[in-house]
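Q: Chains as they are written, first to last, in our numbering: chain A, 2 to 338; chain B, 10 to 325.
Hints may be right or wrong, so weigh each one.
[Claimed, not checked] Reference excerpt, derived from the structure (chain A facing chain B, CB under 7 angstroms, subset only): (1) Gly196; (2) Ala200; (3) Asn207; (4) Val209; (5) Gly210; (6) Asn214; (7) Gly219; (8) Ser223.
[Stated by the list, open to error] Derived coverage of chain B by chain A (criterion: at least 3 residues anywhere in the stretch with Cβ under 8 angstroms from a Cβ of chain A; other residues may be distant): (9) 83-92; (10) 171-177; (11) 246-260; (12) 275-282.
No lab work stands behind these hints, which were simulated from the structure alone. Treat the numbers as computed from the prediction; the structure is a model and nothing was measured. Glycine included, every Cβ here is placed at the ideal spot set by N, Cα and C.
Letter by letter, the chains look like this.
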Amino acid sequence: MISRNWLVAAGAVAALAFGVAACGGDDDGNGGSSDNGNGDSAELSGSVLIDGSSTVAPLSEPMGVLFAEEHADVDVSVGTSGTGGGFEKFCAGETDISDASRVIGDDEIAACESNGIDYEEVSVANDALSVVVHPDNPVTCMTVDQLNQIYGPDATATSWSEIDGLDAEFDADLQIFSPGADSGTFDYFTEAINGEEGAQRSKDVNVVGEDDNATVTGVAGSEGGIGYFGYSFFTENQDQLKALEIENEEGDCVAPSEEAAQDGSYNPLGRQLFIYPSAQALEKPEVLEFVNFYIENVNDVAADAGFIALTDEQIAEAQAKVDSLTGGGSGTEEEGE
Amino acid sequence: MIAASRLSGGSSRISLEAASPRYGEKAIVWVLAMCGVLSVLTTTAIVISLIGPSLNFFRQIPVLDFLFGTFWSPAIQPASFGVLPIVVGTLNVTLWGLLFAIPIGLGAAVYLSEYARPGVRKTIKPILEVLEGVPTVAFGFFAFAFITPLLQDVWPGFLGSGPNIFNAGAAGLAVGLLIVPTIASISQDAMMAVPGGLREGAFALGASKMRVATRVIFPAALSGIVAAIVLAFSRAIGETMVVLMAAGATPNMTLSPTEPIQTMTAYIAVTATGDIGTGTIEYDTIFAVGLLLFVITLVMNMISIRFVRKYREVYE
Chain A
2 MISRNWLVAA GAVAALAFGV AACGGDDDGN GGSSDNGNGD SAELSGSVLI
52 DGSSTVAPLS EPMGVLFAEE HADVDVSVGT SGTGGGFEKF CAGETDISDA
102 SRVIGDDEIA ACESNGIDYE EVSVANDALS VVVHPDNPVT CMTVDQLNQI
152 YGPDATATSW SEIDGLDAEF DADLQIFSPG ADSGTFDYFT EAINGEEGAQ
202 RSKDVNVVGE DDNATVTGVA GSEGGIGYFG YSFFTENQDQ LKALEIENEE
252 GDCVAPSEEA AQDGSYNPLG RQLFIYPSAQ ALEKPEVLEF VNFYIENVND
302 VAADAGFIAL TDEQIAEAQA KVDSLTGGGS GTEEEGE
Chain B
10 MIAASRLSGG SSRISLEAAS PRYGEKAIVW VLAMCGVLSV LTTTAIVISL
60 IGPSLNFFRQ IPVLDFLFGT FWSPAIQPAS FGVLPIVVGT LNVTLWGLLF
110 AIPIGLGAAV YLSEYARPGV RKTIKPILEV LEGVPTVAFG FFAFAFITPL
160 LQDVWPGFLG SGPNIFNAGA AGLAVGLLIV PTIASISQDA MMAVPGGLRE
210 GAFALGASKM RVATRVIFPA ALSGIVAAIV LAFSRAIGET MVVLMAAGAT
260 PNMTLSPTEP IQTMTAYIAV TATGDIGTGT IEYDTIFAVG LLLFVITLVM
310 NMISIRFVRK YREVYE
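All chains should be modelled from the sequences, with the hints used to inform the complete structure.
A: Take a look at the structure:
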């Protein structure tokens, strides 16, 4: 059950743990990162329960490990029940933080309300799912509908010439690549393009599992190849592949880029990843400390986990949301439980 | 009488049993017996671990739908659990592998056993057997980075469009390379084991070397040769890394060497290393496919044992 992202994330942890451990020594144990000021007091203990999206887990896992480097008595556990499964537990008050690769849904909002769970939506990273084709492919921009003609559950197209309204003539056999159905990338793409999470064409599709490298070699090696994965995978391989521009809701063709993901113009394939801490959980000092730590350090692992880092404004906004949830300011009043 | 009584009297006094209990020796016998039992236990444990989740799977998907369905898409909605495309994919690679390996392997065996001078044989055979020890991931890379581009370059146009970047043919050839040593080495042993008298008798009757090899040695060694081929078949059908790297991951009901396919082993490997939830039906498919693979190999081995018994030439 190890995906590529997990391995990368683990590598990032190993590298960062080294650096943070060194910092921790210099800072004489005051956390080195938190500005809420309770680090110098009694050592934190307890647990932080996280569950939710497996897409966000490659961020939450290394954050948990790095946090444990400084606070050995705090036990951070990260589950991967999926965004929906995570919210179910979160709104029942069973978890402290919910990982989500989409915003909370209406049903879930109602469930949280009925249980009296207050929460905030905190961005932790951006992503731009990149649709890649062979460099010789003359097509530059595709619409959601055109992508649906390739990836939709009822799609039968076998050649690029069968796709309606392309911006260039192209007559090569389609070679379709897709990540495995358990990946968050697959969930997000199918939701955005096919309108239903998990629904995708499965005939004549090369399902590469968690091995995005197979998509790279496959698309780079087939004239009519097409595939998709997280933005970082495209940037690593942009000498072999071409990323398509995607026509967004405003009707503009936008190429995947850090800026386009951060300003929201790369839609619907640009996305934000969130953590949802609850107000009740933030009353526990170890959870508050962890969330602050998370926001401050998440950019260090974002790229290694395959995502686009937060902008300074996004970090400030995230911090402000946490502060508002804890009753404003960087409270120091809560000591112990 | 005297002798008899002396004998009986002697046996009551002189025992052939060891003077001391020798617990150490008994322990050694036990340890050795356990070593033998271990392989039986392992096989049993594998079968048991396969059967549990497989039963779970077959409670939800009827066995016949699984075995004879022609559409395999266990994860992507709408799900379909017809295993035939990946069975055919497995046979595709195995077929091309055997087509390549049997002539070469048998040719090498005939040469080594009948033609090569002892010095040459002593040099070549170890080299051939070293090939068996090359990690299969190296063969996979070789197939993907060398055989596929080569096939794409030399593919004649009249055979239709050339091989895909992932294709069954390159994987088949690499699997073939992988099993050549198995076929060559075991067949050669079988040929060498044919009594020299047969060879000499044929020569004395004026047969040429070629005739001796094909008409005398080959039939006499047939049971060993079949055993070698079946062993190679089992090896090819279970090969994972090569097909994972070179053959693609597209369940595809075809025996064409140019198209991407997926084999049973590659499906298991890809799915088991993904973020798959335990207890889901997709998780159980791994075991159902594994069980089917196990049964196929078992049946092949049983057929070969029958064949070997039936056609075995017994001398002396």
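Q: Hint by hint, say whether it matches the structure.
A: Outcome of the hint check:
About 12 angstroms separates the beta-carbon of A:Gly196 from the nearest beta-carbon of chain B, more than 7 angstroms, and the hint is not met. Residue-level restraint check for A:Ala200 holds (minimum Cβ-Cβ distance to chain B is 5 angstroms; threshold 7 angstroms). Proximity of A:Asn207 to chain B holds as hinted, the smallest CB-CB distance being about 5 angstroms (cut-off 7 angstroms). Because the closest C-beta pair between A:Val209 and chain B is about 5 angstroms apart, less than 7 angstroms, the hint holds.
Annotation: A:Gly210 was flagged as interfacial toward chain B, and the flag holds, the nearest CB pair being 4 angstroms apart, inside 7 angstroms. Interface restraint check: A:Asn214 against chain B, minimum CB-CB distance 10 angstroms, threshold 7 angstroms, status violated. Hint status for A:Gly219 relative to chain B: holds, with the closest Cβ pair at about 6 angstroms, below 7 angstroms. Against a cut-off of 7 angstroms between C-beta atoms, the interface hint on A:Ser223 holds, since the closest Cβ of chain B lies about 5 angstroms away.
For the stretch 83-92 of chain B, the assignment as covered by chain A holds, since 5 residues bring a beta-carbon within under 8 angstroms of that chain's beta-carbons and 3 suffice. By the rule of at least three residues with a Cβ nearer than 8 angstroms to a Cβ of chain A, the coverage given for the stretch 171-177 of chain B holds, with 3 such residues. With a threshold of 8 angstroms between beta carbons, the proposed coverage of the stretch 246-260 of chain B by chain A holds, since 3 of its residues qualify and at least three are required. Residues of the stretch 275-282 of chain B with a Cβ under 8 angstroms from some Cβ of chain A number 3, which satisfies the need for three, so the listed coverage holds.
Against the hints set out earlier in the document, violations occur for numbers 1 and 6.
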